[in-house]
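With chain Y's structure known, arrange chain X on it following the hints.
Taken in sequence, the protein lines are chains Y and X. Its first residue numbered 1, the first sequence is counted upward by one per residue in the working numbering. Its first residue numbered 423, the second sequence is counted upward by one per residue in the working numbering.
A couple of the hints might just be wrong.
[Stated by the list, open to error] Once the Cα atoms are required to be at most 25 Å apart in a straight line, the calculated SDA-like pairs of lysine to any residue come out as: (1) X:Lys-648 with X:Asn-461; (2) X:Lys-586 with Y:Val-284; (3) Y:Lys-59 with X:Gln-562; (4) Y:Lys-59 with X:Asp-566; (5) X:Lys-503 with Y:Lys-160; (6) X:Lys-586 with X:Ala-616; (7) X:Lys-503 with Y:Thr-216; (8) X:Lys-503 with X:Glu-428; (9) X:Lys-492 with Y:Arg-191; (10) Y:Lys-59 with X:Arg-579; (11) X:Lys-503 with Y:Val-294; (12) X:Lys-503 with Y:Arg-191; (13) X:Lys-623 with X:Gly-452; (14) X:Lys-586 with Y:Glu-283; (15) X:Lys-492 with Y:Pro-292; (16) X:Lys-486 with X:Arg-506; (17) X:Lys-503 with Y:Lys-59; (18) X:Lys-492 with Y:Val-284; (19) Y:Lys-59 with X:Glu-428; (20) Y:Lys-160 with Y:Thr-216; (21) X:Lys-503 with Y:Ala-180.
Just so you know, these hints were derived from the structure itself, not from any lab. Keep in mind the model is a prediction, meaning the values are calculated, not measured.
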Amino acid sequence: MSRETDEEMESQSKRAQEATPGGVEEPGGRWQERARTQYREWTSPVRAGLRHSREWFDKLPPPARWALTAALIAAAAVVPFVLNHALGITAPYWMSIVTKMGTAALLALGLNVVVGFAGLLDLGYVAFFAVGAYTFAILTGASRYNIAVFNQVPGAAALKPEWHMYMWLFFFAAIAVTMASGVVLGAPTLRLRGDYLAIVTLGFGEIVRITANNLTSITNGALGINQIPNPHINVGSFHYDFGLNNAPYYWLLLGFIVIWIFLLRRVDSSRIGRAWAAIREDEVAAAAMGVPTVRMKLLAFAMGAAVASVGGVVYASQISYINPDSFQLFSSDFGSVIILAMVVLGGMGGFAGPIVGASLIIFLPERFRALGDSRFLVFGLVIIIVMILRPQGLIPSRRRARELGGGETRDASVYEVQEHAR
Amino acid sequence: MSAILEATGVTKVFGGLRALHDVDLVIGEGEIFSLIGPNGAGKTTFFNMITGIYPPTDGSVRFKGEELLKPAPVPLFPLVKRPRRPFQITRLGIGRTFQNIRLFPLMTALENIMVGIDAHNHADVVRAMLRTPGQRAEEQGTVDRAVELLRFVGIDRYANELAKNLAYGDQRRLEIARAMGTRPALLLLDEPAAGMNPSEKASLMRLIQQVRDQGITVFLIEHDMKVVMGISDRIAVLDFGEKIAEGKPEEVQRNPRVIEAYLGRGAAEKADDGAP
Chain Y
1 MSRETDEEME SQSKRAQEAT PGGVEEPGGR WQERARTQYR EWTSPVRAGL RHSREWFDKL
61 PPPARWALTA ALIAAAAVVP FVLNHALGIT APYWMSIVTK MGTAALLALG LNVVVGFAGL
121 LDLGYVAFFA VGAYTFAILT GASRYNIAVF NQVPGAAALK PEWHMYMWLF FFAAIAVTMA
181 SGVVLGAPTL RLRGDYLAIV TLGFGEIVRI TANNLTSITN GALGINQIPN PHINVGSFHY
241 DFGLNNAPYY WLLLGFIVIW IFLLRRVDSS RIGRAWAAIR EDEVAAAAMG VPTVRMKLLA
301 FAMGAAVASV GGVVYASQIS YINPDSFQLF SSDFGSVIIL AMVVLGGMGG FAGPIVGASL
361 IIFLPERFRA LGDSRFLVFG LVIIIVMILR PQGLIPSRRR ARELGGGETR DASVYEVQEH
421 AR
Chain X
423 MSAILEATGV TKVFGGLRAL HDVDLVIGEG EIFSLIGPNG AGKTTFFNMI TGIYPPTDGS
483 VRFKGEELLK PAPVPLFPLV KRPRRPFQIT RLGIGRTFQN IRLFPLMTAL ENIMVGIDAH
543 NHADVVRAML RTPGQRAEEQ GTVDRAVELL RFVGIDRYAN ELAKNLAYGD QRRLEIARAM
603 GTRPALLLLD EPAAGMNPSE KASLMRLIQQ VRDQGITVFL IEHDMKVVMG ISDRIAVLDF
663 GEKIAEGKPE EVQRNPRVIE AYLGRGAAEK ADDGAP
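One chain only, chain Y, in its complex shape (with noise of 0.2 Å):
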């Protein structure tokens, strides 16, 4: 205990002495920092427009405010009928993308709590994603059904589950599981720091698939579960059955991202919020000012867990189905590797970064489908450009681009001052 408390000590002070001198350090080599400083000249315009329009915005009186982000949210929310319009016979296939798009936003911003707030690396995220939608589709009685199925028990096509107005109320079993596994995953773990902690994460996301591929009584195992029930409304005499459309899923992961991004805003900005910054800044300063740390890591894990699990019910009743490996660590959609890619090609600790990182990692393999297999190439390459022009991501919150190392942020003075230094 006394060893590692050392350590960490030690290791935090030489962190701290690294990161004061001369402002914030830029990763990597000479020609890198030329290539962002060309790329700074050239884009100097389109950052001063947008800082402008930040600034402007964050002028304008509350109900203004109000009102453009509801002009955004409606904005959005017209999308579907808008790609059917423009799209005509190709529009279903793109509504499914803009809704992988939406699933993907939403593990992002839950993701960015755990990552981007709390400073804690995470690898193995999609467990919980996995956890929310099995114990949706457990608790709707698909599971007993296939199970049954499979193993030719009379009568068992009476078990096919049938949508009822109260599975809605499965949303907060779901969380309230998954919430639970994140705390069981976290409380043993968070004591652990960096490279250790995303080691037992990783750990966890494959135990987790794992699990369900051996637990055949309960999950049955690799083959998965179908026939979950798509949601319907029934309130009165208006009813409404999502089916198999893209739309109503696509308005419910909207919802939900609002709904989240609206709560967070207020978390981060409250005391919760400053003990996250300070946690990441320095533990050991946080710790004796009274911070608790392990228990505001685990905050941060279990709401973090709670959107993937939102996540994991609609995915889950959209798609019908669901087996152990839609959970896998590399799966090309929604994989513990790619959302976190997602956060941090869009930039870290803000609320735009992690839609705009998830809407161009879903969207970018899809543009590039005609390249067949070869579209993971441009793919890659395009996230080696971003990382290296911009290594703090797309829109890193203010806070995050200081601590990464942004063009916006750094003084000019400071950059004159280490170029005669050279």
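Frame of chain Y, contents of chain X only:
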């Protein structure tokens, strides 16, 4: 004068190194108490044990009558006992600063202090999400108190400046303000004057006295003798993990063992002969 901190038989062993051996200290309420000694004498180790960063090898430290070093019952589960964690000790009323400044470099001066004040705030996630009136009042109170503390240490004009952009002396002041935000009854200052110029030192001494005048007991580690002798009510001297002297500044200054520890045996003998 009642004791606020009572250490008895405090011992800390790192592997084969005895960093602290059987140290007894009593700090009275409202004192400015200094702990001095050559480098490596165990001063910072002593701080780190009080604040729960290192578990002790042996000994007891009572703060306002409460034992800090022994495992304490966990809230809600009174039968389970666990060593106190640093944040719990801070919340009991022991604030501290660090030898090598450990501010949150990319948070503003105001935010740094707000983190300290949050130690006694109550708003949880749910209340933050709902932004209840109580939570909003608490936030406002936190900002007001943080500004007050910035003013107290004299750097309120840098409230919105990033901590890492402050001048060195101001960073030291900000660290003191941040620790005061945790509402300490006892404030541990680890070499606050290190690296300061004489005028900064003079104003730091005034600041420490002002802190004490607010009713906060100050426990100081310092190498700068001018500062130590100028403001301390009492001084204890550590050498190789053992307490070799304790008393008022004049007494400690004349103590031959202290002179020996700092200047070597020859100097101590000369001092005994009355030579300068």
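Structure-based check of each hint:
Of the supplied pair hints, the one linking Lys-648 (chain X) and Asn-461 (chain X) holds, its CA atoms being roughly 17 Å apart against a limit of 25 Å. The suggested pairing of Lys-586 (chain X) with Val-284 (chain Y) holds, with an alpha-carbon distance near 17 Å, which does not exceed 25 Å. For the suggested pair Lys-59 (chain Y) and Gln-562 (chain X), the alpha carbons sit about 21 Å apart, so the restraint of at most 25 Å is met. Pair hint Lys-59 (chain Y) plus Asp-566 (chain X) holds up; C-alpha atoms about 23 Å apart against a cutoff of 25 Å.
Of the pairs offered as hints, the one joining Lys-503 (chain X) and Lys-160 (chain Y) is violated, with about 51 Å between alpha carbons and a cut-off of 25 Å exceeded. Taking the CA atoms of Lys-586 (chain X) and Ala-616 (chain X), the gap is about 17 Å. The hint holds against a cut of 25 Å. With a C-alpha separation of about 41 Å, the suggested pair Lys-503 (chain X) and Thr-216 (chain Y) falls outside the 25 Å cut-off, and the hint is violated. Annotation: proposed proximity of Lys-503 (chain X) to Glu-428 (chain X) holds, straight-line Cα distance about 22 Å (limit 25 Å).
Of the supplied pair hints, the one linking Lys-492 (chain X) and Arg-191 (chain Y) holds, its CA atoms being roughly 21 Å apart against a limit of 25 Å. Pair hint Lys-59 (chain Y) plus Arg-579 (chain X) holds up; C-alpha atoms about 23 Å apart against a cutoff of 25 Å. At most 25 Å may separate the alpha-carbon atoms for a hinted pair to count; Lys-503 (chain X) and Val-294 (chain Y) meet this at roughly 17 Å. Proximity of Lys-503 (chain X) to Arg-191 (chain Y) is assessed by CA-CA distance (about 18 Å); at most 25 Å being required, the pair is judged to hold.
For the hint linking Lys-623 (chain X) to Gly-452 (chain X), the alpha-carbon distance of about 21 Å falls within 25 Å, and the restraint holds. A hinted pair counts as satisfied when its Cα atoms are at most 25 Å apart, and Lys-586 (chain X) with Glu-283 (chain Y) qualifies at roughly 17 Å. Between Lys-492 (chain X) and Pro-292 (chain Y) the alpha-carbon distance is near 19 Å, which keeps this suggested pair within the 25 Å criterion. In summary, the hint linking Lys-486 (chain X) to Arg-506 (chain X) is supported, as the alpha carbons are separated by about 15 Å, within the 25 Å threshold.
Of the pairs offered as hints, the one joining Lys-503 (chain X) and Lys-59 (chain Y) is violated, with about 52 Å between alpha carbons and a cut-off of 25 Å exceeded. Among the hinted pairs, Lys-492 (chain X) with Val-284 (chain Y) is consistent with the structure: their alpha-carbon atoms are about 21 Å apart, no more than 25 Å. Between Lys-59 (chain Y) and Glu-428 (chain X) the alpha-carbon distance is near 54 Å, which puts this suggested pair outside the 25 Å criterion. At most 25 Å may separate the alpha-carbon atoms for a hinted pair to count; Lys-160 (chain Y) and Thr-216 (chain Y) meet this at roughly 18 Å.
Of the pairs offered as hints, the one joining Lys-503 (chain X) and Ala-180 (chain Y) holds, with about 24 Å between alpha carbons and a cut-off of 25 Å not exceeded.
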